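J.: So you can see what is in the structure, the chains are spelled out below.
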Amino acid sequence: MGLIARTIEAAGIATISSIGLKAIAEKVRPPRVIHLKSPFGHPLGEPFNRAQQLSVVHDALRALYTIEELGTILEPGWAWRRQTYVEPEDWSLP
Amino acid sequence: MPALARRWGRRFDALTFAEMPFTPLRKPLRACCLALITTGGVHLREQPPFAMNDPRGDPSYRVIPADTPYVRLTITHDYYDHRDAERDLNILFPLELFRDLARRGQIGSLATCYSFMGHIEPPHVTTLLRRIAPQVAGVLKQEQVEAVLLTPA
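Those protein sequence lines, which keep their order, are chains W and G. Just so it is clear: in the first sequence, position 36 is 36 by the working numbering, and no numbers are missing. Just so it is clear: in the second sequence, position 55 is 149 by the working numbering, and no numbers are missing.
Isolated chain G (complex conformation) (with noise of 0.2 Å):
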């Protein structure tokens, strides 16, 4: 195993849980509204950029309207090798293949998604399990999300 996929695996020791919720998915895809999630530090050229210097990480996200074109769309992240995210967003943060999807009735619709950094760390872990991502699940069951496709880097 790659010695970053070790480091890696060390780290998330601290979010490993007995218990996991399961919710179904019970709706046809083509009545599904979907959102799209990644942990690949994606954002807005105009949106303030994700904290590289703090070892710990920054667990704040980016909200990315689900109609945003890619060339209004950047990567901050040191910590993997994303230009070929930056080439074609596509493999990373799959906006234009689910609106495309949306488009031909083959997804009900593509919701406001959004973007984390990941390689977060205590004490940031605290503040995503408690605020952050509870906010963003609140936000997805507003907006009736059915389900949500999730991406790292």
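Chain W extracted, bound-state conformation (with noise of 0.2 Å):
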């Protein structure tokens, strides 16, 4: 993952990655993540949760912008099951 990032990265698109182990992000060091601390399989949310799954995306293409050092590792702090999500309204980026 984070060798194909970086390869994609180096051919001038920019990239972001959305990984569940923080462990994992630092060592495939992808350019630019979005750590969510799920499970393995749910790089977005959970099955149906459309406004959990839509909430992370919007965090991703975000970080696409607001990132701006190499290799950040992005906590948007959400707490999984224990927090209730809202469909984002505004896609205005950046």
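Some hints could be false.
What the hints assert, rightly or not - Distance condition first, Cα-Cα at most 25 Å in a straight line; then the derived DMTMM-like pairs of lysine to aspartate or glutamate:
no.	chain 1	residue 1	chain 2	residue 2
1	W	Lys27	W	Glu75
2	W	Lys27	G	Asp175
3	G	Lys235	W	Glu68
4	G	Lys121	W	Glu26
5	W	Lys27	G	Asp172
6	W	Lys22	G	Glu215
7	W	Lys22	G	Asp194
8	G	Lys235	G	Asp194
9	G	Lys121	W	Glu46
10	W	Lys27	G	Glu190
11	W	Lys37	W	Glu69
12	W	Lys22	W	Glu46
13	W	Lys22	W	Glu68
14	W	Lys37	G	Glu180
15	W	Lys37	G	Asp178
16	G	Lys121	W	Glu68
17	W	Lys22	G	Asp182
18	W	Lys37	G	Asp148
19	W	Lys27	G	Glu215
20	G	Lys235	G	Glu180
As the list claims (entries may be wrong) - If we take Cβ atoms under 10 Å as the criterion, some of the chain W residues that face chain G in the derived model are:
no.	residue
21	Ser38
22	Gly71
23	Pro76
24	Gly77
To be clear, the hints were calculated from the coordinates, so they are not data collected in a lab. If you're wondering where the values come from, they're calculated on a predicted model, not measured in any experiment. Don't be surprised by glycine CBs; every beta carbon is placed ideally from N, CA and C.
Reconstruct the complex from the two isolated chains, following the hints.
T.: Written as structure tokens, this is what we have:
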């Protein structure tokens, strides 16, 4: 994953990787990471929780603009199942 | 840390580089062409599944057209529990969500997407690094993709 992200980034395309486990993000080191503390197989949330999935996607896409330092691991601080998610309305990024 | 994560961590040591490239995204999102890449083993039902009999992994990839309906997709990957992703692919490879965003003009467009299986060990890492990853980066450039969301398992 990190290798693929870095190769794409080196070709002049911005990348954001959504990774559940910080230890993995720190090892594979993609250029930009959003870290969710989610279980394997759930990089964008839980099945049929559209508000959660879109909240994570929104955070990930915003991180394409806000992360300025290479190797940043962004922690949006979502509380996973204990969080109430609202579908984001404003997608005018940056 | 779970044992699986520790094992993955050790495996990924080989891929840690001191220097990394960085490409700022300057265009507004509503004008950007985006692509999705997963390493969760997703593929079209008629495409060959990823090779699970090679313990060093399968460095190949599958091309997934942006308009592919979820019923035409499946997952071949023995190293993680993908039952939830099979119920709702939006948690792993969100083609539907991104098609919605494109339809509403919130992103510019969704380009052709790509799927890998991850879990790649030497000597396949070299194949991925020297041949496969540059090839995919090249077609993304050709299709004028400006940003990519990557989702591992």
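J.: Compare the structure with each hint and give your call.
T.: Cross-check of the supplied hints:
no.	hint	verdict
1	Lys27(W) x Glu75(W)	holds (16 Å)
2	Lys27(W) x Asp175(G)	holds (22 Å)
3	Lys235(G) x Glu68(W)	holds (22 Å)
4	Lys121(G) x Glu26(W)	violated (28 Å)
5	Lys27(W) x Asp172(G)	holds (22 Å)
6	Lys22(W) x Glu215(G)	holds (20 Å)
7	Lys22(W) x Asp194(G)	violated (30 Å)
8	Lys235(G) x Asp194(G)	holds (23 Å)
9	Lys121(G) x Glu46(W)	violated (30 Å)
10	Lys27(W) x Glu190(G)	violated (30 Å)
11	Lys37(W) x Glu69(W)	holds (21 Å)
12	Lys22(W) x Glu46(W)	holds (19 Å)
13	Lys22(W) x Glu68(W)	holds (19 Å)
14	Lys37(W) x Glu180(G)	holds (21 Å)
15	Lys37(W) x Asp178(G)	holds (17 Å)
16	Lys121(G) x Glu68(W)	holds (15 Å)
17	Lys22(W) x Asp182(G)	holds (24 Å)
18	Lys37(W) x Asp148(G)	violated (30 Å)
19	Lys27(W) x Glu215(G)	holds (14 Å)
20	Lys235(G) x Glu180(G)	violated (30 Å)
21	Ser38	holds (9 Å)
22	Gly71	holds (6 Å)
23	Pro76	violated (15 Å)
24	Gly77	violated (19 Å)
Hint compliance for this structure: hints 4, 7, 9, 10, 18, 20, 23 and 24 are not met, and every other hint is.
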